[in-house]
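Asker: For reference, the chains in residue letters:
2 protein chains.
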Amino acid sequence: MRWIRFTANGKTSYGILEDDRVAEVTGDPFAGHERTARSHALGAVKLEVPVIPRTFYCAGLNYTAHIKEMAARRTVQPNIPEKPDIGYRANNALIAHGEPIVIPYDATEKINYEGELVVVIGKQAKHLTEANALSCVLGYTIGNDFSERTWQKSDRTLWRAKNTDTFKPMGPWIETAVDLDAMETIVRVNGTPTTHFKTNDMLFGIATFISAMTRYLTLYPGDVMWMGTDGVSPDLKPGDVVDVEITGIGTLSNPIAAEQR
Amino acid sequence: MRWIRFTANGKTSYGILEDDRVAEVTGDPFAGHERTARSHALGAVKLEVPVIPRTFYCAGLNYTAHIKEMAARRTVQPNIPEKPDIGYRANNALIAHGEPIVIPYDATEKINYEGELVVVIGKQAKHLTEANALSCVLGYTIGNDFSERTWQKSDRTLWRAKNTDTFKPMGPWIETAVDLDAMETIVRVNGTPTTHFKTNDMLFGIATFISAMTRYLTLYPGDVMWMGTDGVSPDLKPGDVVDVEITGIGTLSNPIAAEQR
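Protein sequence lines, in the order shown, are assigned to chains U and D. Counting from 1, one number per residue, gives the positions in the first sequence under the numbering used here. Counting from 262, one number per residue, gives the positions in the second sequence under the numbering used here.
For reference, chain U alone in the conformation it holds in the complex:
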């Protein structure tokens, strides 16, 4: 089942995507919903970010090849995490499928994508075990953890390197039924594949993270967890289009634009 958040006729709603039709609902997938009599052609609605999370979690370093290749680029020793310490990203940076990623005019050429699986929490949860961790998950979407690598090195935090406005595309929708072990992540730049990895080939899996996190914190409906990326990105430039496909979910596509001075 695919949950979609969309705007039609000036109103933003949730809907259920069935083939190319969106069945509009009242309410939302978290607190409860009812189908309305209204439906829309998918091509006729504006897609929105599938959810604005209460807390925006991000695993950061969670695939071994990415960690080693990023360290080699910086000529430092790879620092492989020894336990699932979750990090954060910021809501201001979220944009929907199709919306432009806008590069500030003072950014360097070191602008990269990171294609990531996103876990969407459906139920309030604390003290879950690895065995029952996935019981709090509503479904999965796709994120692009867009990054300015020069700022990532120079700044004390990741605030502008990772959280500049528009640097966090998420979507296009939430898929509730996936086969994690069968999924593959493919990133394309202007249609050419540039990164390809098994989505679930993570250093620490989703259940491991949820179990560790909920020892200390409560997950809430609508929270999201971005699960990290593998491989490395070529340097990108305004005019490029980045597609992040995760098989079984769909494709998140965003053009890159330059900030107008």
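Source of the hints: derived by calculation from the structure; they are not laboratory data. Cβ coordinates follow ideal geometry from the N, Cα and C atoms, glycine included. Do not rely on the hints blindly, as some may be mistaken.
[What the hints assert, rightly or not] Pair by pair, the computed Cβ-Cβ distance ranges are:
#	chain 1	residue 1	chain 2	residue 2	range
1	U	73	D	443	43 to 51 angstroms
2	D	442	U	74	36 to 44 angstroms
3	D	325	U	215	33 to 41 angstroms
4	U	193	D	518	35 to 43 angstroms
5	U	68	D	336	54 to 62 angstroms
6	U	78	D	341	25 to 33 angstroms
7	U	28	D	387	24 to 32 angstroms
8	U	28	D	415	35 to 43 angstroms
9	U	191	D	343	49 to 57 angstroms
Since the structure of chain U is already known, use the hints to place chain D on it.
Answerer: Then chain D, alone, in the frame of chain U:
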């Protein structure tokens, strides 16, 4: 003017605090409000966190004495930030004035307070200058950036050191009219003053942060910025009560409790 968020008769609302009475409003201080005919005695309502932010910003290291003393404790060189790189905290950890801070049973004895001025954003803002930065501010409240120092050293991120459930008391209310240069921050443990500093004696001031941040990101109504702390905390224990007073705002008071196994 003091904005308060409270629950009475099972309903959570905003109100305006006048002496010891809360005038209930419909709406909120951000999108607009209207006074109702209902009012409550302050002592008869349950105080709530003044706002759940869209993004929860935190300056982290922003007072020189705190940075030097924390570095001395760790026997490392102090790392004074050279520019205003904002950081983040997490909404799951927020609690209201009066609610208990609960220490996980596997925490060490290195549990500390950090009394902080909190800026509450009232208007959407981007590209502000230092001269007009404060135009987006609704008012000010108080935060206690509660921390487990052993985890702060051992973990790759600050997730459980700073963002364990209940580790972010905020309140008691939002004061819109302050004299920043006249304010003093006083922290008391069980009534005894243990930290005292001039609130505005910051490495980078509020206007400097807002101007730097809004070069790259949009601030939204309800966002909060915790401005950092000075001095150092004694180690705290369950049973202690921590009061953070900022003159001109009020006092945020929270007891410390132990997690029940």
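Asker: Could you see if the CB distance from residue 191(U) to residue 343(D) stays within 49 to 57 angstroms?
Answerer: With a Cβ separation near 42 angstroms, residue 191(U) and residue 343(D) fall outside 49 to 57 angstroms, so the hint is violated.
Asker: CB of residue 442(D) to CB of residue 74(U), is that within 36 to 44 angstroms?
Answerer: Holds: the Cβ-Cβ distance is about 43 angstroms, inside 36 to 44 angstroms.
Asker: Can the suggested window of 54 to 62 angstroms be confirmed for the beta-carbon pair residue 68(U) and residue 336(D)?
Answerer: The hinted range 54 to 62 angstroms is violated for residue 68(U) and residue 336(D), with Cβ atoms some 32 angstroms apart.
Asker: A range of 43 to 51 angstroms was offered for this pair. Does it hold for the Cβ distance of residue 73(U) and residue 443(D)?
Answerer: Given a distance of about 50 angstroms, which is inside 43 to 51 angstroms, the answer is holds.
Asker: Falls inside 33 to 41 angstroms, the C-beta gap from residue 325(D) to residue 215(U)?
Answerer: 35 angstroms, holds
Asker: Note whether the CB distance of residue 78(U) and residue 341(D) lies within 25 to 33 angstroms or breaks it.
Answerer: 29 angstroms, holds
Asker: When you take the CB atoms of residue 28(U) and residue 387(D), is the distance between them in 24 to 32 angstroms?
Answerer: 28 angstroms, holds
Asker: Regarding residue 28(U) and residue 415(D), is the given constraint of 35 to 43 angstroms on their beta-carbon distance met?
Answerer: 38 angstroms, holds
Asker: Cβ-Cβ distance between residue 193(U) and residue 518(D): within 35 to 43 angstroms?
Answerer: Taking Cβ atoms as reference, residue 193(U) and residue 518(D) lie about 54 angstroms apart, which means the hint is violated.
Hints 4, 5, 9 from the list above are not met by this structure, while the remaining hints are.
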